[in-house]
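Undergrad: The residues making up each chain are set out below.
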Amino acid sequence: MTKVQTDPDPETALLASAGGEAGVLATSGGGGRYGVAKWVARRLALSVVVLFLVSIVVFVATQALPSDPAEAILGRDATPQRVAALTEQLNLDKPMLEQYTSWLGGVLTGDLGDSLAAQRPVADEIGSAFVNSIALLICCAIVLLPLAIGFGAWSAMRRDSFGDRGGLGAALLVGAIPDFVIGIVMTILLATNVFKVLPAVALFPDGSSPFSHPDALVLPTLTLVIASMPYLYRLSRASMIEILESDYVQMARLKGVSSKRIMVRHALPNALVPTIQASALVLSLLLSGVVVIEFLFRFPGLGSELAESVSNRDLPMIQTITLIYAAVIVLLNLIADLLTVMVSPRLRGELK
Amino acid sequence: MTGSTSLLARSWKQKQTKIGTAIILVVLFIAIAGPWLAPYSATEFVGPPFTGSTSAAPLGTDVLGHDVLSRTLRGGLFVVWSSIAAAIVAMLIGVTLGLLAGYRGGFTDGLTMRGFDIVLAFPQLILVLIFVSLIGPKAWLIVLLTGIALSPGVARVTRGLTQEVAQRDFVRAAELMGMSRRRILWSEILPNLSSALLVEFTTRMIWAIGVIASLAFLGLGPTSDVGNWGLMINENRVGLPIQPLGVIAPVVVMAGFAVGTGLIAEGISRSMARIEGARTS
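Chains A and B, in that order, are what the protein sequence lines are.
Add 46 to the 1-based position in the first sequence for the working numbering, that's all there is to it.
By the working numbering, the letter at position 234 of the second sequence is numbered 228, and the numbering carries on one by one without gaps.
Bound-form chain B, shown alone (with noise of 0.2 Å):
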């Protein structure tokens, strides 16, 4: 893995890399030490409903009276990890796919292109939405099918790459040489494309996200008495008028998330491109 180490060190000279690594560093302290941090536990009563801020409650108390300071400080790890999980699952079916397909060529490509194609016939969230409505919304459920979701993209990218690589001549001696379809899948190919698939996981991470913190929205992420950034937004955007910091609580640590992945994203193409700027020129 060569590759995508030495592009990690490249972009980190990249200023996006290192603006977006300081938010997400600070968006994961929030969501994994917030428990710890918070003074009042997610269903304490602290006040009237949607009270401003208060010396007690500085950013003030949510739709139930609840602490918006401590409900945001404890419900960023479902966001924040299963993002991070469902871009991991997209990858994992998309890279093993997109490398069988690339390699096997014939039915086996067909197949599984037909496959994704229905995948791509869901727009992403209806896909999750359909399997969550009646079986309910279980968090592993979510990761797995926002997972597939995202998978087709990155298997279209590894499948076109190994394509390429498969006709180099180191993977033409392995062939001769008798060795076995999934060491030269594994070991010859594969690290091969380690850079390009770095480019993708941190796209998937962005996509990944959307789609879970909009269920998470839309009132669909796993139920729990401590709630999470979307479920918060959805419950107080009744009282923006009178409360707007319960809403822009978790609005500004949903969007550090969302644009700290996208810049990292940014940081790593970008560097990707000069790599390859210089190779081709």
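In isolation and in its complexed conformation, chain A is listed as follows (with noise of 0.2 Å):
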């Protein structure tokens, strides 16, 4: 894990910054200063410490460093019984860290408060769209992570042929490119110019269940998909071209063990641990992509309640969602973390 983190390679040092956590304790020889299970225990805590800090820079954002929150939401023309109105509603008037608490702690107890455009509560707001987001993140992965970590491994097995350089080249182009231009293109390609089969715009009823409209979710998907495709299917060759010029894999070779035998039962299981590290952090891509895409093609989702909000200055709305973004973050981050542990044959020796 070292030799990641000081390695100037884009990819690997991508994968440096998607949670090093577990690799330290990998190198570091687990048991050694304290064992497994307080591992853990230690990350845990650092997940609830990072989400208590998160809040606090939510809270400084939106109601701390804003010179007068009520007025910013308002404009200036508002009366000032409006204001007097907003800052009762929002304890604006009350001292900063009475302001902090009493937001955290009724997000601690499920209390969201209400949302100022609709004149209803938060929760009622945003649950259906936290859904429909929810259903299109499984959708990409569903998509994305077999199909990138499948053609890393053709790409590293046929290493330098001309169709390893030419993935590495789409993946190069392509992964410059921003989310939205890509949708952008896919929209002309797919809905607007070129073929016109998929709608343009992903509208479908409130509360129905996204997978009942499957057309709608092409697009989003197809544009997340392609978007977010170049940074794993790179990692994922890179961690294969590793395993494959390792020791082992060089002395199955000499023992004249066949290649399918080789990727199968020596290369793939070795290359868990780096894409399941990988996999958190293309997640994790991909959530910021999700807010732009919702945005493009008017899908139902959370990014597309954060996007209105923040051009209606809604902020009860705008901390609630922002917040979950970072919950689900540093929860892939845990997860992606004790499952590191959980398939790294060493130490999950030590766990029993």
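Hints in this document: simulated from the structure, not taken from any laboratory.
Accuracy of the hints is not assured; some may be wrong.
[As the list claims (entries may be wrong)] Result set (SDA-like, lysine to any residue): computed pairs, CA atoms no more than 25 Å apart in a straight line:
#	chain 1	residue 1	chain 2	residue 2
1	A	LYS242	B	GLU229
2	B	LYS12	B	THR(-1)
3	A	LYS306	A	GLY173
4	A	LYS242	A	ILE272
5	B	LYS132	A	GLY212
6	B	LYS132	A	LYS242
7	B	LYS12	A	GLY159
8	A	LYS301	A	PRO315
9	B	LYS9	A	GLY209
10	A	LYS140	A	LYS84
11	B	LYS9	A	LYS242
12	A	LYS301	A	GLU288
13	A	LYS84	A	VAL106
14	B	LYS12	A	THR125
15	B	LYS9	B	ARG264
16	B	LYS9	B	VAL20
17	B	LYS132	A	LEU138
18	A	LYS140	A	LEU162
19	B	LYS12	B	PHE195
20	B	LYS7	A	LYS242
21	B	LYS132	A	GLU117
22	B	LYS9	B	ILE78
23	A	LYS242	B	ASP103
24	A	LYS242	B	LEU234
25	A	LYS84	B	ASP103
26	B	LYS132	A	ASP210
27	B	LYS9	B	THR(-1)
28	B	LYS132	A	ALA118
29	A	LYS140	B	GLY130
30	B	LYS132	A	PRO112
31	B	LYS12	A	ALA118
32	B	LYS9	A	GLY212
33	A	LYS84	B	VAL57
34	A	LYS242	B	LEU2
35	B	LYS132	A	LEU111
36	B	LYS12	B	GLY(-3)
37	A	LYS140	A	GLU117
38	B	LYS12	A	GLY215
Now that you have both chains on their own, put them together as the hints suggest.
TA: Encoded structure:
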């Protein structure tokens, strides 16, 4: 892992920023200073601390730093009565610390406040949007992970061939282009201009399952898969090459083991750890892309809600949605680290 | 900084670097000289909304009947300068904190890395969104926050390399001679990182373009009559079936900017890998 962190290669540098915590454990020999159970406890505590600090950042950015949030929300022409009413509703006249503790207390007890634009509880407002976004993320993950990992392994086995270089070149070009530009190109190609086979907007009625509108899911999923493919493909190719060049694979080759068997029995299981870490990273990248892509296709998810709330300056909605995004990322990294421990044979032994 | 200059010279031999530089020069020319070349102002009406190509407006008109060519020529500056500035901010923060954390270790190291854990808990775009949402889309704020959002990766790389370089004899010698910590960091350690940091800078540029262009697309760039490429794409996409040029023109320059940067980054990191390979084998 130390090698990975100093490697200037873009993909390994990405991998290093994915979540080095489990890697630190792997290299420090695990049981040395503290056991795995202790490490897991420490890792859980760290996640809670990060989430707590994240809540402070959200609060400071939205409520403490703006000189007058009530005026920012209502605009300069607002009547003093309305400003006073909003100040009262959001507790803006109380001291900062009290504002923060009452807000955090509300979040922890499930009272997220009322949406200013819709005049109803935030929880009701974002419930179905959250489900829709998760559905979209799952669709992306199901298509993306096997495709990118499989293609990465395929490319690694044919290193420097025509197909491998073509794949790398395509990954380079597509990887540089912003997600929404890819989405626009997909719209032009498949919805509005060249082939008119898909809807350009993914609208479907509030409360109905996104899976009952499969055609609405296709363009957002396709765009996000194409946009995230380059990173995961390059990562899985790089880690597969490292494994194929390792001593035990070379040894198996010298002993005359078939290349198919080497792949299935030796290479793939060992590629699991870097792939888990990379997948967590790619999913968190997807979360960033999802905001813009949902907005682009008007997909009724959390990202669209966030974009709309930002333009309405709907403070309670902005606070809740950004907190949810951060919580999902912290959770993803936690799961990835725990999975890493579970699949590393040496570390797994310590847990028993 | 001899390391990075020789790396630049070497990377020029890669064809990716040459093609990338050519594309970037064209995009920079459009963004910087565009306002003087534009036939119309950004708010002049040259025809009905979403008219196709005419002799007066070769790229047609946009959602409000403005000239697409003129708006493309005038709307590049924000995305271009703020992406470059954000990548520079990311380097300044990441390198400074990475050097300190890597060299001092212990408490400073722990504190810095935990701080970056918080930054990493937010999707990059959302970290910028939270601050911009109520304070308002000010250009300096967008640049600063995008820089902060992109700095953890730079810091990790800098920290790792600093830990390695700090073990070498010449740093030990400087320490024994009683050289100040600041001088050791800036004149002994930093020059040895310059090649790796050049690679970091070009990759951060790609990310910065992504974040800033996306913000502009969401309508959260600084407000002005001139508009910008991201906003143009957003405004004109309703007219895609009848007047696709209003979207295609900004998409092409934006994609060119991103791909050109990507090609340069690839050229530099390839030459870097080659130098590293020659050194270790």
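Undergrad: What hint numbers does the structure not satisfy?
TA: Hints 3, 5, 6, 7, 10, 11, 13, 14, 20, 23, 26, 31, 33 and 34 contradicted; others consistent.
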